[in-house]
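Chemist: These protein sequences, in sequence, are chains A and B. First residue of the first sequence: 1, per full-length UniProt numbering; consecutive thereafter. First residue of the second sequence: 1, per full-length UniProt numbering; consecutive thereafter.
Hints in this document: simulated from the structure, not taken from any laboratory. Built from N, CA and C at the ideal position, the CB exists for glycine as well. Worth double-checking, as some hints may not be accurate.
Reference excerpt, derived from the structure (chain B facing chain A, CB under 7 Å, subset only) [as the list claims (entries may be wrong)]:
{"#": "1", "residue": "Ser29"}
{"#": "2", "residue": "Arg79"}
{"#": "3", "residue": "Arg81"}
{"#": "4", "residue": "Gly85"}
{"#": "5", "residue": "Ile153"}
{"#": "6", "residue": "Thr160"}
{"#": "7", "residue": "Leu161"}
{"#": "8", "residue": "Asn164"}
{"#": "9", "residue": "Ile185"}
{"#": "10", "residue": "Tyr190"}
{"#": "11", "residue": "Ala195"}
Number of protein chains: 2
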Amino acid sequence: MSGVRAQQKQKTRQALIEAAFNQLSADHSFSNLSLREVAREAGIAPTSFYRHFKDMNELGLTMVDEAGLTLRQLMRQARRRIASGGSVITTSVVTFMEFIDNSSNQFRLLLRERSGTSKAFRAAVAREIKHFILELAHYLESETPCNASQAYIQAEAMVTLVFNAGAEALDIEGQQRDELVERVIWQLRYITRGASNYVRENKTDSA
Amino acid sequence: MSGVRAQQKQKTRQALIEAAFNQLSADHSFSNLSLREVAREAGIAPTSFYRHFKDMNELGLTMVDEAGLTLRQLMRQARRRIASGGSVITTSVVTFMEFIDNSSNQFRLLLRERSGTSKAFRAAVAREIKHFILELAHYLESETPCNASQAYIQAEAMVTLVFNAGAEALDIEGQQRDELVERVIWQLRYITRGASNYVRENKTDSA
DNA sequence: AATCTGAGCGTACACTTGTAAGCTAAAATA
DNA sequence: TATTTTAGCTTACAAGTGTACGCTCAGATT
């Protein structure tokens with residue numbers, strides 16, 4: 001059981017995943033991919049595809065998982081940057097924009113399948129985004145004065161805004177892009193300020 | 001030139017548009033539609049399709065326009081409700097949720113093509129949403145103390161959050177749905193409060 | 001060493017797709 | 001009334017799709 005065989009299998013499996021990601025672009029979504037094309041780019045016969053995935057859906061869900069993983073790694077990186085003295089909001093936004101640029105196809109997959117035609121896909125993407133929100137909510141709850149519910153609502157809004165800004169960023173460059181980033185930063189500030197303001201108000205009420 | 005001919009043409013043109021909308025659903029997006037299927041449902045031969053549209057893209061852009069129209073009508077309705085004494089935020093959100101329910105396929109089209117594979121589609125949807133944002137920004141600027149830039153940033157955030165909540169609402173019902181609506185209402189309040197708070201601060205600074 | 005397993009292949013088939021070409025007949029025009 | 005226009009039709013084709021079936025032969029197992 002040296003695993004020469006299993007190793008090779010893993011390799012072509014990964015080749016399929018990468019082939020699929022490579023074929024994603026601004027004008028090619030996952031549902032546009034064909035099993036045959038993916039197999040061709042991965043260098044195997046169409047029918048060999050089935051040795052690795054039941055169908056294209058299964059490939060797709062695997063890809064969503066992989067994109068989610070990238071996203072979580074990104075979060076960790078952002079946290080590190082913040083810990084070493086960056087502004088929370090700006091650092092988060094800038095880090096996310098790097099994700100858009102460096103892993104645009106991963107992001108595109110999440111973006112599109114979030115509202116795609118497969119319920120399983122939508123659920124998978126929603127799960128990944130929820131991770132994101134929960135982590136942020138946890139951070140907000142521990143670092144700012146607010147309860148769990150307020151933290152979650154706040155985090156959800158922030159993630160939604162950043163994610164959406166990312167989507168818009170895909171189509172623009174240069175100054176327009178900078179303006180977009182500046183706008184979303186202000187939007188996050190509004191959220192933060194508004195939330196903390198309501199918290200203070202509640203405390204006054206109950207005092 | 002009684003127009004019997006032109007009238008009939010308009011009728012089947014509309015039949016094509018409606019057939020296409022009817023074929024949209026939770027698990028059937030515009031890019032899944034085929035010219036033949038649409039023609040079949042509209043009751044004409046596949047090749048007759050070309051008497052009305054150059055290709056499916058042209059049909060799609062027409063559909064986006066139609067959905068945009070529905071959206072603008074919705075805005076007018078919301079404004080009427082607000083004028084007759086409703087809470088701005090709650091009324092807007094509730095009205096939007098009615099749009100999601102009553103015209104789900106129109107909404108689905110905008111939702112999906114916003115991040116779809118055709119740049120023309122994305123631009124068309126972005127344009128419709130921008131109308132929405134600009135109208136709201138104009139309202140905010142005239143009814144609350146803030147400058148044009150602040151109003152726009154605020155309006156953009158609010159529209160993004162409501163639009164996104166709509167997307168999530170498509171997949172859920174009942175209590176979860178109510179909770180979602182409540183969350184987005186709070187998010188809008190945070191935005192409003194945060195923005196007005198920053199405005200006050202600026203005034204204090206410059207005074 | 002003998003046997004089994006399974007990743008990858010080639011062939012084949014039944015479908016669906018977009019659309020080209022040319023016809024028909026009814027409405028519009030002159 | 002004679003002519004032109006055109007919405008819709010039928011037929012036809014080439015291209016691409018998913019996948020069933022059965023083979024091979026290198027690696028794993030016994």
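Chemist: Just pull the numbers of the violated hints for me, sorted ascending.
Modeler: The structure conflicts with hints 2, 3, 4, 9, although it agrees with all the remaining ones.
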